[in-house]
Amino acid sequence: MQAGTTHSSPLASLSRITHRYGPVLALDDLDLEVRRGEVLGVLGPNGAGKTTAISLLLGSLQVQEGAASVFGFAPGAPEVRVRRGAMLQISGISANLTVREHIELFRAYYPAPIPASRLLAMAGLEDLARRRYGKLSGGQKQRVMFALALAGDPELLFLDEPTTGLDVDARHRLWSEIRALRESGRTTVLTTHNLDEADALADRVVVIHKGQRIAEGTPAEIKSRTAGRLVRCVTRIAPDETASLPGVVEARTRGQHLEALTTQPEALVRELLARDQALADLTVVAAGLEEAFLALTRDGREGAA
Amino acid sequence: MSGKLAEAEAPSAGASMQARDTHRLTPARRFHIYLLEARFQFVEVLREPMFAVPTLAFPLIFYLFFGVIMGARGVSLAVPTYVLATYGVFGVLGPALFGFGAGLANERDTGVLLLKQTTPMPAGAYLFAKVMAALIFGAVVVAALFLMAAHAAGVALYRWQWFALAGVLLAGVIPFCALGLAIGAWARGRSAVAVVNLVFLPMAMLSGLWLPIYMFPDVMQDIALALPAYHHAQLALKVIAMDAGQPVPMHLAVLAGETLVFLAVAALGFRRADSFSMRRSR
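The listed protein sequences derive, respectively, from chains H and F. Numbering follows the numbering used here, with no gaps: position 231 of the first sequence is 1445. Numbering follows the numbering used here, with no gaps: position 272 of the second sequence is 562.
Note that these hints are calculated values from the structure, not bench results. Since this is a predicted model, take the numbers as computed values, not measurements. Do not rely on the hints blindly, as some may be mistaken.
Stated by the list, open to error - Derived pair list, reagent style EDC-like, types lysine to aspartate or glutamate, alpha-carbon separation capped at 16 Å: (1) F:Lys406 <-> H:Glu1340; (2) F:Lys406 <-> H:Glu1315; (3) H:Lys1349 <-> F:Glu338; (4) H:Lys1349 <-> H:Glu1315; (5) H:Lys1424 <-> H:Asp1410; (6) H:Lys1355 <-> H:Glu1375.
Claimed, not checked - On the chain H side, residues computed to face chain F include the following (Cβ under 7 Å): (7) Glu1247; (8) Ser1274; (9) Pro1292; (10) Glu1293; (11) Val1296; (12) Ala1300; (13) Leu1302; (14) Ile1304; (15) Ser1305; (16) Gly1306; (17) Ser1308; (18) Asn1310; (19) Leu1311; (20) Arg1314.
Backbone N, C-alpha and C define an ideal beta-carbon position, used for all residues, glycine too.
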């Protein structure tokens, strides 16, 4: 897959972008590439610069240093606007208009919109079409924003923290919609600080921390960049002691359990068992994206310090 | 929404991508967007009691009281005729400041404007919609005032005067929307209503919209000379020959000048907001 995509030019890109809000450095020489047909996860803690990067690709922020391009045009160009949809982190649209009215208005902006009935079905809003936006629950409002992002039948979709505030059920339904969009050939850029979300949806992940890209790859690659295995058990051995054992990158206590991130799980387990006969409840699992993320952002911090 | 898209609901991205060369708006589509934007702007404001009551009901209630009821006790028709013009100004001023000014500030704060700016919506459609909504609400108030004046208060004007008065009153939408734009460009969402009220009510009073200006002390009359609502009211009163006698070109020049100042202030506000908007929303 990597080989197939490298020689096609990116659908959208930021290159060598540096962006400041007054004295605050939001993006620091950032490169970002969106490839056709992928779901790109832009991952990072709050304040990492994700929304700034998206805003530059949407043309709602002016480029200060570097270059931004979408479909080969400037991000705010009319050629881009008709082919792009966006779901932003905004606090709401007019409370007094109904779901159907909002959808009708946004459809009018585009040359070849998706029919209203289909948009309502896609976002699961059929029964709410006549309800005013202000009377909807938080999850229902998010679904309206999703429908508006899709109104123009976009080739490229930006979803900025789309599942914030959704309950687990609503989140999973939105995930399945995003997967279906990918199958229909669309490209999606998804920002999130939810690692499960990136893991579940993204073909490729870019991790941003303090305005810099600190990692890039498939979720599996990002995960493999960390020590590898998470060893978990109930033991009297302290994390400090564990830190000097084979391959241990990080050790901590979580609840009753000791958690150790290691590159040599077999050797570590042997050593732990030898040192504590009473050790119980032992599990060894592949480190998740969360561990990888913690390790990556911790490195970033140390690097900066 | 679960899986509905997956089961053959998936719109074929490929099929519609062909038709995308047409990013340029045809006149018909542009007209459609302008119309729809204006229609929903109007509907949205109409459904907002916080807006509709003070801006639509107040001028009419005032007229009912001062024009119809009080007027019926007087021998002269001077009062019902005079306040017809000034409450008309009041009625046009309200929607322009509340709908345009406070509405714009609110939509900038919630992010609606940011979202719409990522779509192909022409910026002109947004402004057009706001001006049209203010114009229609203003026209509704003016029409209701005219009906009350003619049928309940017994105000008698020449036909040309009715038309000229209506025209002058509705033209007030231009300077007042410019003022609303300036307020909307600077005030933050929640405080915008307060700012509008601070402008709306004192300006209405100091411009002689409630009581004739010659009843005020000289200092207040001098202040009135700086207010757009005063000059607009004088033009409206000129139609019914009840103005203070200042020349029309002077009123027009002040209104035009102040409109330009408001637009410049608005442009400055938007430029400032651009460099702040992200820090605000993050």
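Hints that the structure is at odds with (numbers, increasing): Violated hints: 1, 5, 7 and 20; rest satisfied.
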